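Chemist: Residue strings, one per chain:
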Amino acid sequence: MADVNETINGLLSELRRGTIVIGVLSQLSEPQYGYSLVPVLGEKGLAVDAGTLYPLLRRLEKQELLESKWDTNEARPRKYYLLSPFGREVYEGLCLEWRKLIISMEAIMDEDKGGEPDGSD
Amino acid sequence: MEVIDRYIYAVTQRLPEQQRADIKQELRGLIDDMLEERAPAHQATREDAESVLLELGHPNALAAKYRGYDRYLIGPMMFEPYLTTLKIVLISIGIALTVVFAIETIVAPTDILEHFTSYLVSLVTAGAQGFGWVTIVCALIDFRQQKEAASASVNKGWKPSDLPHIPDMNTQIKLSEPIAGIIFTVLFTVLCLYSIELLGVWRLHDGERYVIPFLNADVFQNYMPIIWVVAALGILKESIRIIVRKRTGKMLALHIVVGVAATVLICIMLADPAIWNPDFIQQLEAAGFLSAGAEGYDTVVSIWSEVTEWLVNIIGLFALIDIITETYKWYRIKQTA
Chain A
1 MADVNETING LLSELRRGTI VIGVLSQLSE PQYGYSLVPV LGEKGLAVDA
51 GTLYPLLRRL EKQELLESKW DTNEARPRKY YLLSPFGREV YEGLCLEWRK
101 LIISMEAIMD EDKGGEPDGS D
Chain B
1 MEVIDRYIYA VTQRLPEQQR ADIKQELRGL IDDMLEERAP AHQATREDAE
51 SVLLELGHPN ALAAKYRGYD RYLIGPMMFE PYLTTLKIVL ISIGIALTVV
101 FAIETIVAPT DILEHFTSYL VSLVTAGAQG FGWVTIVCAL IDFRQQKEAA
151 SASVNKGWKP SDLPHIPDMN TQIKLSEPIA GIIFTVLFTV LCLYSIELLG
201 VWRLHDGERY VIPFLNADVF QNYMPIIWVV AALGILKESI RIIVRKRTGK
251 MLALHIVVGV AATVLICIML ADPAIWNPDF IQQLEAAGFL SAGAEGYDTV
301 VSIWSEVTEW LVNIIGLFAL IDIITETYKW YRIKQTA
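Note that the protein sequences, when read in sequence, are chains A and B.
Sequential numbering from 1 applies to the first sequence in full-length UniProt numbering.
Sequential numbering from 1 applies to the second sequence in full-length UniProt numbering.
Errors might be hidden in some of the hints.
[As the list claims (entries may be wrong)] Residues from chain A that face chain B, not an exhaustive set, calculated with beta carbons under 10 Å:
hint : residue
1    : Val38
2    : Ala50
3    : Pro55
4    : Leu56
5    : Arg58
6    : Lys62
7    : Arg76
8    : Lys79
[What the hints assert, rightly or not] Across the chosen pairs, the derived CB separations fall in these ranges:
hint : chain 1 : residue 1 : chain 2 : residue 2 : range
9    : B       : Gln335    : A       : Ser13     : 54 to 60 Å
10   : B       : Ala149    : A       : Ser36     : 36 to 42 Å
11   : B       : Gln13     : A       : Ile103    : 28 to 34 Å
12   : A       : Ile22     : B       : Arg46     : 36 to 42 Å
13   : B       : Lys24     : A       : Arg17     : 43 to 49 Å
14   : A       : Lys62     : B       : Gly127    : 41 to 47 Å
15   : B       : Ser51     : A       : Ser36     : 18 to 24 Å
16   : B       : Phe143    : A       : Arg88     : 24 to 30 Å
17   : B       : Lys24     : A       : Gly18     : 46 to 52 Å
18   : A       : Ser13     : B       : Ser176    : 47 to 53 Å
19   : A       : Gly18     : B       : Gln335    : 51 to 57 Å
20   : A       : Glu97     : B       : Gln146    : 29 to 35 Å
21   : B       : Ala150    : A       : Ile22     : 22 to 28 Å
22   : B       : Lys24     : A       : Glu43     : 28 to 34 Å
If you are wondering where the hints come from, they were derived from the structure by calculation, not from laboratory data.
A quick note: this is a predicted structure, and the numbers were derived from the prediction, not measured.
Virtual Cβ for every residue (Gly too), placed ideally from N, Cα, C.
Only chain B is shown next, with the shape it has when bound in the complex (with noise of 0.2 Å):
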């Protein structure tokens, strides 16, 4: 009877693979078997099927007894710091594309037609990016958590030692520092990803506005990966900063090898040459920003040509200074633990 093969396929449909074909043979057994005792010798109809469906109750609690656990991507421990971080991503690369969109229409007002219909595309992309990798990584933090919760539960290794200890004040970290960080990465992606030719000096010569690049954009594409990597570890320390919200010696390693990590990563992709705007010093002059023998001139082309040099001791001591002050903050929490 056609409305029991749908009730089957209904509760089969909702477990794994390898258990259907058997426990469809045993239900299909278990029907029959019910139906011939409303109606022998083969004479059911379909109100005693539909009878002894309704005894069996409705296929998703079936499924759900055959199962014995409920599935999740992301389970009700992480669904409140999930959201937390999907909410933040997704507002920040909304405000980083907004202001890409008003560097754009201000530095060439005629194109705003293309400029919104790309601000649009934009939006989708990233906004789609986002939410993927928020939940890929909150996907994994809990699927860690669900594994190590199973093996605790196993090895009844449960200690009240091992309770955590009620944040103070000190211990915790703000809410604000980790939105920021993500924030901050959010507009360092969304600028290299869409406007890095918006990074250079700005010239204004008739009501024209234009921009002489710093960065050679052609060459800055093929560091795109890096720039992606860089980027998810900075939401992925910054997602876990949100979940445990507590400074810990493992939270400040953590902080420390993200931060080395992107810092190398970054340094390496601005000590190549290539990647600078080659006719920079050229298109100044022809700008009429310099012009040679000028006072300055020296100056200017001189600087230019340690640039990367500056670049990277500068990010390089910014970023000892971040993992000084972060060591410093875990040090005194230490001290008065």
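Chain A with its partners taken away, still in its complex shape (with noise of 0.2 Å):
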């Protein structure tokens, strides 16, 4: 039999990768490179790794969900990435869909739990 944990994980990280987005979003109102947002997003739960991060920030950029800069006035020239007027609309749709999604998720999870037998009775 496959092990519960391994399966969890696996599952688990299919359910991060849509979260992930919003969380990147969320974060970028103000312009960040790529490396200040992991331990930002680390600090609030949102584990994620750079080699993860850095494709979704130029695909959100492809998409127009992002606008992008170098800053070369540093030591190391960075990339930092601004969320866009466009994207800042779909964050917020976003965000409204997400919260629709756990109301739907606690009541289906709720009935889950009150179908079963809880002896109280």
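Assembling the complex is the task here: the two chains are given apart, and the hints tell you how they should meet.
Modeler: What follows is the structure in structure tokens.
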């Protein structure tokens, strides 16, 4: 039989994939470069590795959700990303949808719990 | 650090040219940031560098994430029909060349070594040609299908009524039909390419066989581009038949267009008087088949002088019969559908 933890981890990473997009968009009202986002998201409990984050940032830029600018004034040139007006709209829409999703999921999981004989009766 | 340069190179090599510089710079910044976190103030060791690279993952995987899609010359959807067509074409080239080799050896057994070398050389060159053309045709079809699929997903234009019908036995093209078509085309092309002089009247004389050819091989050489076009059209049509495997109006139209085009091209070629062997009658006489004044001489001469007209008519008739049978098959399916 497959390991329970392993299976959970596999499914969880699928679930996380979409949440990372929301997490990234939420942090980019101010310009940030890729690696500065890693600890910020990590502190908030959304662990993401740089190898996933950097390609994602480029993809979101290509979808015109983000704008980018190279800062070459510092010793190390860095590419800063910022939410575009279109991205802001999309982010707000996503948040609304996410909240609806939470409510639906809560309802589904509560129902499941209610269906179980809890023996209090 | 050299290992970092090699990592960045390995990632960016697998990305489109125009994105490389930007990704390279960004990736370098990222790796420097990660290194600094491990060992402040430029004290990073090779072990630090390697642990950073291991954390970023296999360069192929990272490049794949950057690309976001996979690229194929011939995608998984097309690969099976591609392999089928390729096998048929290569096998029929092999058979055709072997047949030519056998005939040549029978005609002139003393030159067997020479025939064998040219047989091997032809196997390689014709095999490469066949491989190349099948690959190009399948890649083009695949490219078109991918573009169609992309535009369909953008327009969300999927309707359940668009689903392909389950092919019933009548509408399905039997695999043997296109296979026979390809084998015939390849045999025809190989014959034209390598052994057009074998087409003629054969003569056995004192144990030596020789052939009086119908066609003038030198002039015929100039028409090789036409043969190539006809062969390419034929193989293209049969490949599409293998992929679609269904009789439809479009397939019928394709069949007719290719059939008419090939017939017209061949007839244009045959209608050139220079393509025929100018000394055919004299060679027949010299070989002792014919003698002036003998019975039948006039008949042979008059047939020979009208051979072009006859052949063009016969080829035209065959093309017509082919088109009518194919149309009839399609019409019957339409009736029952």
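Chemist: All hints, please: hold or fail.
Modeler: To see whether the hints hold, each was checked on the structure:
1. Val38: holds, 9 Å
2. Ala50: holds, 6 Å
3. Pro55: Holds. Min distance 4 Å.
4. Leu56: holds, 8 Å
5. Arg58: OK, holds: Arg58 of chain A within 10 Å of chain B, min 7 Å.
6. Lys62: Interface hint status for Lys62 of chain A: holds (9 Å vs cutoff 10 Å).
7. Arg76: It holds, given that the least Cβ distance between Arg76 of chain A and chain B is near 6 Å, below 10 Å.
8. Lys79: holds, 5 Å
9. B:Gln335 <-> A:Ser13: 54 to 60 Å: Given a distance of about 56 Å, which is inside 54 to 60 Å, the answer is holds.
10. B:Ala149 <-> A:Ser36: 36 to 42 Å: holds, 39 Å
11. B:Gln13 <-> A:Ile103: 28 to 34 Å: The hinted range 28 to 34 Å is violated for Gln13 of chain B and Ile103 of chain A, with Cβ atoms some 47 Å apart.
12. A:Ile22 <-> B:Arg46: 36 to 42 Å: holds, 38 Å
13. B:Lys24 <-> A:Arg17: 43 to 49 Å: violated, 26 Å
14. A:Lys62 <-> B:Gly127: 41 to 47 Å: Between Lys62 of chain A and Gly127 of chain B, where Cβ atoms are some 43 Å apart, the hint holds.
15. B:Ser51 <-> A:Ser36: 18 to 24 Å: Given a distance of about 21 Å, which is inside 18 to 24 Å, the answer is holds.
16. B:Phe143 <-> A:Arg88: 24 to 30 Å: violated, 38 Å
17. B:Lys24 <-> A:Gly18: 46 to 52 Å: violated, 29 Å
18. A:Ser13 <-> B:Ser176: 47 to 53 Å: holds, 49 Å
19. A:Gly18 <-> B:Gln335: 51 to 57 Å: holds, 53 Å
20. A:Glu97 <-> B:Gln146: 29 to 35 Å: Cβ of Glu97 of chain A to Cβ of Gln146 of chain B: about 31 Å, so the range 29 to 35 Å holds.
21. B:Ala150 <-> A:Ile22: 22 to 28 Å: Hint holds: Cβ distance 27 Å, inside 22 to 28 Å.
22. B:Lys24 <-> A:Glu43: 28 to 34 Å: Given a distance of about 30 Å, which is inside 28 to 34 Å, the answer is holds.
When held up to the earlier numbered hints, the structure conflicts with 11, 13, 16 and 17 and fits the remainder.
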